[in-house]
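There are 2 protein chains.
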Amino acid sequence: MKKAVVLLSGGLDSTTTLAIAQSEHYETFALSFRYGQRHDIELKMAQKNAELFNVSDHLTIDVNLRSIGGSALMTDMEMPERNSTGTDTKKEPDIGSEIPATYVPARNTIFLSFALSWAETLDAERIFIGVNALDYSGYPDCRPEYIKAFQDMANLATKASVEGRMRFKIHTPLISLTKAEIIKRGMVLGVDYALTWSCYDPKKEQVGNLEKSSASNNAGMHFVPCMQCESCLLRARGFEEAGVQDPLSRC
Amino acid sequence: MKKAVVLLSGGLDSTTTLAIAQSEHYETFALSFRYGQRHDIELKMAQKNAELFNVSDHLTIDVNLRSIGGSALMTDMEMPERNSTGTDTKKEPDIGSEIPATYVPARNTIFLSFALSWAETLDAERIFIGVNALDYSGYPDCRPEYIKAFQDMANLATKASVEGRMRFKIHTPLISLTKAEIIKRGMVLGVDYALTWSCYDPKKEQVGNLEKSSASNNAGMHFVPCMQCESCLLRARGFEEAGVQDPLSRC
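The listed protein sequences correspond, in order, to chains P and B. Mapping of the first sequence onto this note's numbering: residues 1 to 251, in sequence order. Mapping of the second sequence onto this note's numbering: residues 1001 to 1251, in sequence order.
Source of the hints: derived by calculation from the structure; they are not laboratory data. Remember, predicted model here, so these are calculated numbers, not experimental data. Every residue, glycine too, gets a C-beta built ideally from N, C-alpha and C. Be careful, since some hints might not be right.
Straight-line Cα separation of at most 30 Å, DSSO-like style, residue types lysine-lysine; simulated pairs [as the list claims (entries may be wrong)]:
#	chain 1	residue 1	chain 2	residue 2
1	P	Lys169	P	Lys203
2	B	Lys1002	B	Lys1048
3	P	Lys2	P	Lys184
4	B	Lys1184	B	Lys1003
5	P	Lys48	P	Lys204
6	B	Lys1203	B	Lys1044
7	B	Lys1169	B	Lys1048
8	P	Lys203	P	Lys2
9	P	Lys48	P	Lys169
10	B	Lys1003	P	Lys148
11	P	Lys184	P	Lys44
12	P	Lys148	B	Lys1169
13	B	Lys1169	P	Lys169
14	B	Lys1184	B	Lys1203
15	B	Lys1044	B	Lys1184
16	P	Lys148	B	Lys1148
17	P	Lys169	B	Lys1148
18	B	Lys1148	P	Lys3
From chain P, some residues computed to sit far from chain B (all C-beta separations above 12 Å) [stated by the list, open to error]:
#	residue
19	His25
20	Leu31
21	Arg38
22	Glu51
23	Ser56
24	Lys169
25	Ala194
26	Lys204
Excised from the complex, chain P in its bound form (with noise of 0.2 Å):
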């Protein structure tokens, strides 16, 4: 079995990109990162899925992008809300137009670093990443000239490459694909989207012991998405464009 490093954020597209990559018979190995998110919720649907994908390995490193700052997924910057109405997802989300607050200078080179890292210490030549360049043209690293030229990088950066033992290669098995196509692959192999995260932003309620879901914390706290981001937006209208409910809403 070939290796493959999959980056595994806990969200929709991650997930789906390590059932297609366990689909294609490769012998995975998961990397996410603790890089002063918002909050834990995706890390734990990460470690949820990596178990039941049966990764070979699951790594999570600690990189504090905090300290470097830019980005309203991590600082204290107001998050944006594109669509006032919240739940009204008929109303085509102001997506892709522009590059949103939410991006985070570098964010895709510095995972893929690491994935590039880890890669060569394995003797793994594929890295599977969940980018999407349809839905999130607004961040450039999610784009194929993006990810090529950091192929090409790659390819002259490692011990591995350059003594000719190892050939990297970048898949991006979403990158072409709507939010809609991509839930509908993933539900036909095998994904549980109730284990998935997608908000940004989401809401805290106090719950009881036995309400406690997958998006429960330890301290009893319930998240609930806050179906206003862009993220929230773009996973409704995929859900609904596929014609699935989605499972994480019956938490």
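Chain P is fixed; fit chain B onto it per the hints.
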């Protein structure tokens, strides 16, 4: 003044690079990493030089590369000794003929990725890195073709570059200099090489408080270069060829 991020390890090369960036009238921002090195002398030296060269900010990022592994610099792998006679630096060290065991997988790629992230946040178009292709040709990520590939990728990776507001340039002022030329250049620019550290595998010696030098830690342990690792040998040869005594050896 134009801004520049300077990668500053606390070694001879990166400190000289900082001095060069200052002499070229950049407003400098120094970036260091605590990445699981065997010792932290280098980082103390970096802190001193950041102060001496009056950088606008000095950021040290914790990045645990130990969890990835793969290098004798961070693990219990035996350090290679290229010259068993130790201090006999007239003997040509066998450097550059193969990639050494001290190679850290994709280290410069990880470091440059953080530099890129910080540079975008600071609105700094220039990144300085003290790589050297002459003495360290064994490391793939010190070569000009690698640096060019990283720069090409960087200009596709960020919001500022894709929107046309910034054009990143990676400066490698040492890339084609010999170690002796680097030392002579640094001395002209006021670098105090007693405050730079090169040894991969220092020896500890207990000293009294009065004898504490810049290479002493708070526990009163004085660190002495091993004079056997490839980095010590390159440094010694450089000072010898430059015709000056290494001030660190007088500590």
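For each hint, the structure was consulted:
{"no.": "1", "hint": "Lys169/P to Lys203/P", "in the structure": "violated, 39 Å"}
{"no.": "2", "hint": "Lys1002/B to Lys1048/B", "in the structure": "holds, 23 Å"}
{"no.": "3", "hint": "Lys2/P to Lys184/P", "in the structure": "holds, 26 Å"}
{"no.": "4", "hint": "Lys1184/B to Lys1003/B", "in the structure": "holds, 26 Å"}
{"no.": "5", "hint": "Lys48/P to Lys204/P", "in the structure": "holds, 21 Å"}
{"no.": "6", "hint": "Lys1203/B to Lys1044/B", "in the structure": "holds, 17 Å"}
{"no.": "7", "hint": "Lys1169/B to Lys1048/B", "in the structure": "holds, 27 Å"}
{"no.": "8", "hint": "Lys203/P to Lys2/P", "in the structure": "violated, 41 Å"}
{"no.": "9", "hint": "Lys48/P to Lys169/P", "in the structure": "holds, 27 Å"}
{"no.": "10", "hint": "Lys1003/B to Lys148/P", "in the structure": "holds, 29 Å"}
{"no.": "11", "hint": "Lys184/P to Lys44/P", "in the structure": "holds, 23 Å"}
{"no.": "12", "hint": "Lys148/P to Lys1169/B", "in the structure": "holds, 19 Å"}
{"no.": "13", "hint": "Lys1169/B to Lys169/P", "in the structure": "holds, 26 Å"}
{"no.": "14", "hint": "Lys1184/B to Lys1203/B", "in the structure": "holds, 28 Å"}
{"no.": "15", "hint": "Lys1044/B to Lys1184/B", "in the structure": "holds, 23 Å"}
{"no.": "16", "hint": "Lys148/P to Lys1148/B", "in the structure": "holds, 14 Å"}
{"no.": "17", "hint": "Lys169/P to Lys1148/B", "in the structure": "holds, 19 Å"}
{"no.": "18", "hint": "Lys1148/B to Lys3/P", "in the structure": "holds, 29 Å"}
{"no.": "19", "hint": "His25", "in the structure": "holds, 25 Å"}
{"no.": "20", "hint": "Leu31", "in the structure": "violated, 9 Å"}
{"no.": "21", "hint": "Arg38", "in the structure": "holds, 18 Å"}
{"no.": "22", "hint": "Glu51", "in the structure": "holds, 19 Å"}
{"no.": "23", "hint": "Ser56", "in the structure": "holds, 15 Å"}
{"no.": "24", "hint": "Lys169", "in the structure": "holds, 15 Å"}
{"no.": "25", "hint": "Ala194", "in the structure": "holds, 30 Å"}
{"no.": "26", "hint": "Lys204", "in the structure": "holds, 28 Å"}
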